[in-house]
Amino acid sequence: MPHAMGIALLAFFFAFPFVYSAGNYDYIMHICIVGFFYAILASSWSMLAGYAGQFSFGHMAFMGLGAYTAALFCHYFFISPEPTGICTEFALGSNYLIIKNPIGVTSTTLTQDCLAQAMEKWDGAVTVSPMPVWLGVILGTLVGGIFGLLIGLLVLPLRAAYLALFTLGFSEILRATISAEIQITRGQAGIELPGLFENGITIAGHYFGKTDKIPPYFVMFFLLLGCLAILYWLSRSRFGLFVRALREDQDAAAALGVNTTRYKILVFVITSMMAASAGAVQAHYVTIITPNNLMILQMSLVVAMAVIAGVENFVAAAIGAILIEFTLEMLRTSFNIGGVEIDMTLWRLVFFGVVLMLTLRFARNGLLVPVINYFSRGHVAAETVVRRKQSESSEGASTAPGVQGGSS
Amino acid sequence: MIELEVSRLNKKFGGNHVLKDVSFEIKGAEMIGLIGPNGAGKTTLTNVLDGAVKPNSGTVYLNGKRIDQLPPFEIAKTGLGRTFQVTRSFRRMTVLENLYVPALALGKSHTGNEVKEQALEVLEFLTMEHLRNEYARALSGGQQKLLELGRLLMLDPDIIILDEPFAGVHPKLMEVIYDYIRRANAQGKAMIIISHQMDSIFALCERLLVLNYGDLIADGTPEQVKKDPVVIEAYLGTTEDRSGTGHGDEAEQS
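In order, the protein sequence lines correspond to chains A and B. Per the numbering used here, the first sequence starts with residue 9, numbered consecutively. Per the numbering used here, the second sequence starts with residue -18, numbered consecutively.
The hints are simulated quantities; they were obtained by calculation from the structure and are not laboratory data. Heads up, the beta-carbon is just placed ideally off N, CA and C, and yes, glycines get one too. It is possible that part of the hints are untrue.
Straight-line Cα separation of at most 27 Å, DSS-like style, residue types lysine-lysine; simulated pairs [stated by the list, open to error]:
{"#": "1", "chain 1": "A", "residue 1": "K397", "chain 2": "B", "residue 2": "K97"}
{"#": "2", "chain 1": "A", "residue 1": "K397", "chain 2": "B", "residue 2": "K153"}
{"#": "3", "chain 1": "B", "residue 1": "K89", "chain 2": "A", "residue 2": "K272"}
{"#": "4", "chain 1": "A", "residue 1": "K272", "chain 2": "B", "residue 2": "K58"}
{"#": "5", "chain 1": "A", "residue 1": "K129", "chain 2": "A", "residue 2": "K108"}
{"#": "6", "chain 1": "B", "residue 1": "K35", "chain 2": "A", "residue 2": "K272"}
{"#": "7", "chain 1": "A", "residue 1": "K272", "chain 2": "B", "residue 2": "K97"}
Over 12 Å on every C-beta distance to chain A, these chain B residues come out as not near it, computed from the model [claimed, not checked]:
{"#": "8", "residue": "S(-12)"}
{"#": "9", "residue": "R(-11)"}
{"#": "10", "residue": "K8"}
{"#": "11", "residue": "G45"}
{"#": "12", "residue": "R163"}
{"#": "13", "residue": "R164"}
{"#": "14", "residue": "Q178"}
{"#": "15", "residue": "D180"}
{"#": "16", "residue": "A184"}
{"#": "17", "residue": "I213"}
Chain A extracted, bound-state conformation (with noise of 0.2 Å):
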């Protein structure tokens, strides 16, 4: 039954840019993009808080990472075929890697980079081309992976409360410095980063402009599929045995053989590439990064969606960003009560709140979770006591000891 459920919601999301047609089709069509984007976050959160036990408050850091890595490549690095002489710069092969030099926020009528300068010189007799988009991406990925180690490493001897406000540190301390860098990140102004597709793309002979949302569509959504087939495999391999022993107990799965130290690291490797990935194709289709996007508000939501939907499942927590993003968009509606005005785009945040507090007081699971359990493990209780009948029968039943108490 999970199966074909899980069959029918690819199918549905796959289709759906193409059959969609009730109105606000770019609305829409972007809400199911940043849907996508949360459930990167939520999913691989889940991996690491929920699998792993690792409660930790960075995640939108390394979102952020990822984001900002791609967004300074973009920013900073150019190819030429010329030399300007005046950046700095590298030859590779025939052709010149240009740094820019960073100029801040002053304005560019004013103050020039030095390849606006060269740019001006060379009066259009010299192309200089961007890097590609998908170079920057990677790039996030490895650079969130990096500060994903070095994390790992300083939050070994941490648990609990101790790993969620040393995170939680970690990602102010980060958003802190991006704003004061001004002169590199522009600060509070964000850096813009060009679309993911910046020049347009032709696929199977229909050609999709810099604004269409069915490339970037998709682009999310396989990079979603890709980040979910991995926490699947994961999940049924031995890491993900691990990673659970380590959840529930650290020193007992050591004593029984498990390298903890290796498997706490590299959970918070993987997701945070994981996250760090989709910070960078996000970064990309919105075309601007700014520090508010590491804010705590941020972290608290993808949080929230995981453990509204269940933190210990990453379907669950995927599925449930998906459907939570767009009960926050749907709940934007503003509406009259006897003549006052509710503002719904403040007020969506508080529905939100409640639903959370609901959520952890009466269904510790989360919501989603009950149910893929009722599918996968709800005959294990009616099969244990066929087995106890069976092993009773076959031994009798005063042969059975220490086996009382079995609930289920």
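Let chain A serve as the given structure and place chain B on it in line with the hints.
Chain B only, in chain A's frame:
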């Protein structure tokens, strides 16, 4: 042949000198009881042997390999397994998954049926086969204790340290644990059993180590230990000291 050489182990926690120059050897599949009053250093010695706590000085060699500075997971793979005083099952994992952890940690393949068949054999022996797919948190306290013992069978170490295996255990369950200990020993494993239940210790063990406030005050057969005046004074007590808790039952007879 199994060989454990513990030499001049010292461990201090602040001003508390918990292990003082503790030395002993195990050769072969011995059945050893580790006894002593509360605070004697029994659990600390276990923690040092399994790598969870590093000693201040001293060495431990297992089968010729120095292990006292190794992390716990490497010591487990080298051949030393232990249970905990308070049962520590992986509560939100199924019984089978609990058993898979040590087997896969040893590098066994998780595909195919070899590990599953081994786990089912262990469960059958522990009379828990019907509970295979239940979460460990659904088990009774006694069943969780058995599950912990089962995980050790899957780890298949040379030396097994059982920390208070009989505490709070029903007599019927005790039979299963006795059976487990004898079977593991018969399979060639050395057993170190920490317990305050002297009847069980005397019934099972052929050698006793007695710790008292960090000092190893005796190392000998149960008969020797029972007669040792230092042990009687420190732990077993005399007829007059008896409180009726089972301590010193045997000492009184001797």
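Index of numbered hints that the structure contradicts, given in increasing order: Hint check: nothing fails, all pass.
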